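The hints should help you fit chain A onto chain C, whose structure is shown.
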Amino acid sequence: AQSVTQLDSHVSVSEGTPVLLRCNYSSSYSPSLFWYVQHPNKGLQLLLKYTSAATLVKGINGFEAEFKKSETSFHLTKPSAHMSDAAEYFCLLGFGNEKLTFGTGTRLTIIP
Amino acid sequence: DTAVSQTPKYLVTQMGNDKSIKCEQNLGHDTMYWYKQDSKKFLKIMFSYNNKELIINETVPNRFSPKSPDKAHLNLHINSLELGDSAVYFCASSQVRDRVLGAFFGQGTRLTVV
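Respectively, the protein sequence lines represent chains C and A. Here the numbering used here is used: the first residue of the first sequence is 1, the next is one more, and so on. Here the numbering used here is used: the first residue of the second sequence is 1, the next is one more, and so on.
Chain C with its partners taken away, still in its complex shape (with noise of 0.2 Å):
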């Protein structure tokens, strides 16, 4: 069974200082593996995937994620946090047919 974790609920940073943001995922067979942010009372924007090719995937935002398949990782990072990053930050596992499961979400805030 395929499955998804993000092991912070809430992280917060200051502005201007890196993010990091952890997300682990089990399957047995080779993952996509997205990256969702969503603001508040708005839908879910993608911010990068990771579909085979390279492990290092940059997104839009300055947002960046490497696939490390021997720590089965997906984290997603950004240099330099902006006010506006502040949001909900979903990491989603897809195999197959089967469901594209997400993981619980990370709140990130941005400290002035």
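Hints in this document: simulated from the structure, not taken from any laboratory. Bear in mind that the values here come from a model prediction, so they are computed numbers and not experimental data. Ideal Cβ positions, reconstructed from N, Cα and C, are used throughout, including at glycine. Possibly wrong hints are sitting among the right ones.
As the list claims (entries may be wrong) - List time: in silico BS3-like cross-link candidates among lysine-lysine, alpha-carbon distance up to 30 Å:
{"no.": "1", "chain 1": "A", "residue 1": "Lys40", "chain 2": "A", "residue 2": "Lys9"}
{"no.": "2", "chain 1": "A", "residue 1": "Lys71", "chain 2": "A", "residue 2": "Lys36"}
{"no.": "3", "chain 1": "A", "residue 1": "Lys52", "chain 2": "C", "residue 2": "Lys69"}
{"no.": "4", "chain 1": "A", "residue 1": "Lys41", "chain 2": "A", "residue 2": "Lys9"}
{"no.": "5", "chain 1": "C", "residue 1": "Lys69", "chain 2": "A", "residue 2": "Lys41"}
{"no.": "6", "chain 1": "A", "residue 1": "Lys22", "chain 2": "C", "residue 2": "Lys42"}
{"no.": "7", "chain 1": "A", "residue 1": "Lys9", "chain 2": "A", "residue 2": "Lys52"}
{"no.": "8", "chain 1": "A", "residue 1": "Lys40", "chain 2": "A", "residue 2": "Lys67"}
{"no.": "9", "chain 1": "A", "residue 1": "Lys40", "chain 2": "C", "residue 2": "Lys42"}
{"no.": "10", "chain 1": "A", "residue 1": "Lys44", "chain 2": "C", "residue 2": "Lys42"}
{"no.": "11", "chain 1": "C", "residue 1": "Lys58", "chain 2": "C", "residue 2": "Lys42"}
{"no.": "12", "chain 1": "C", "residue 1": "Lys68", "chain 2": "C", "residue 2": "Lys58"}
{"no.": "13", "chain 1": "A", "residue 1": "Lys22", "chain 2": "A", "residue 2": "Lys36"}
{"no.": "14", "chain 1": "C", "residue 1": "Lys58", "chain 2": "C", "residue 2": "Lys69"}
{"no.": "15", "chain 1": "C", "residue 1": "Lys58", "chain 2": "A", "residue 2": "Lys36"}
{"no.": "16", "chain 1": "A", "residue 1": "Lys67", "chain 2": "C", "residue 2": "Lys58"}
{"no.": "17", "chain 1": "C", "residue 1": "Lys68", "chain 2": "A", "residue 2": "Lys44"}
{"no.": "18", "chain 1": "C", "residue 1": "Lys42", "chain 2": "A", "residue 2": "Lys52"}
{"no.": "19", "chain 1": "A", "residue 1": "Lys41", "chain 2": "C", "residue 2": "Lys68"}
Said to hold, decoys possible - Covered stretches of chain C (chain A as the covering partner; in silico rule of three or more C-beta atoms under 8 Å from a C-beta of chain A):
{"no.": "20", "stretch": "14–27"}
{"no.": "21", "stretch": "67–73"}
This is chain A only, laid out in the frame that chain C set:
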């Protein structure tokens, strides 16, 4: 053009009513989904359809019935609405080969049952 569109965006209705949420995707994807996001922001899958065939039916009450008239549409009908059905419902579509190549979500439908 919107890739995955849901209507309506907001839905306020009384307990006991029957309502439908429509979803359409113009991406040519073969798999569509319904997700429910509760007040704690958890996103749980409800249904998955592949080529109009039901693939996944999680532990969802019988009052919820998905209908897929064709590959581009997956509607959600809810009978006898209850207060606990209040949530945001997201439709999604994906294309699958040996792996999921993309996952696209609608903007969500905020359902409020009063």
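Right, here's what the structure says about each hint:
1. Lys40(A) / Lys9(A): Given that 30 Å is the threshold and the Cα spacing comes to 20 Å, the pair holds.
2. Lys71(A) / Lys36(A): OK: Lys71(A) and Lys36(A) at ~21 Å, within 30 Å.
3. Lys52(A) / Lys69(C): Since the Cα atoms of Lys52(A) and Lys69(C) sit roughly 34 Å apart, the hinted pair is violated (cutoff 30 Å).
4. Lys41(A) / Lys9(A): Status holds; Cα separation ~17 Å.
5. Lys69(C) / Lys41(A): holds, 28 Å
6. Lys22(A) / Lys42(C): Holds, at roughly 18 Å.
7. Lys9(A) / Lys52(A): holds, 24 Å
8. Lys40(A) / Lys67(A): holds, 27 Å
9. Lys40(A) / Lys42(C): holds, 15 Å
10. Lys44(A) / Lys42(C): OK: Lys44(A) and Lys42(C) at ~17 Å, within 30 Å.
11. Lys58(C) / Lys42(C): Roughly 23 Å between the alpha carbons, so the hint for Lys58(C) and Lys42(C) holds.
12. Lys68(C) / Lys58(C): holds, 15 Å
13. Lys22(A) / Lys36(A): holds, 14 Å
14. Lys58(C) / Lys69(C): holds, 17 Å
15. Lys58(C) / Lys36(A): holds, 29 Å
16. Lys67(A) / Lys58(C): violated, 37 Å
17. Lys68(C) / Lys44(A): Satisfied, since the Cα-Cα distance of roughly 26 Å is no more than 30 Å.
18. Lys42(C) / Lys52(A): Since the Cα atoms of Lys42(C) and Lys52(A) sit roughly 28 Å apart, the hinted pair holds (cutoff 30 Å).
19. Lys41(A) / Lys68(C): Status holds; Cα separation ~27 Å.
20. 14–27: Check failed, 0 qualifying residues.
21. 67–73: violated (count 0)
Figure legend: structure checked against the earlier numbered hints; hints not met, in rising order: 3, 16, 20 and 21.
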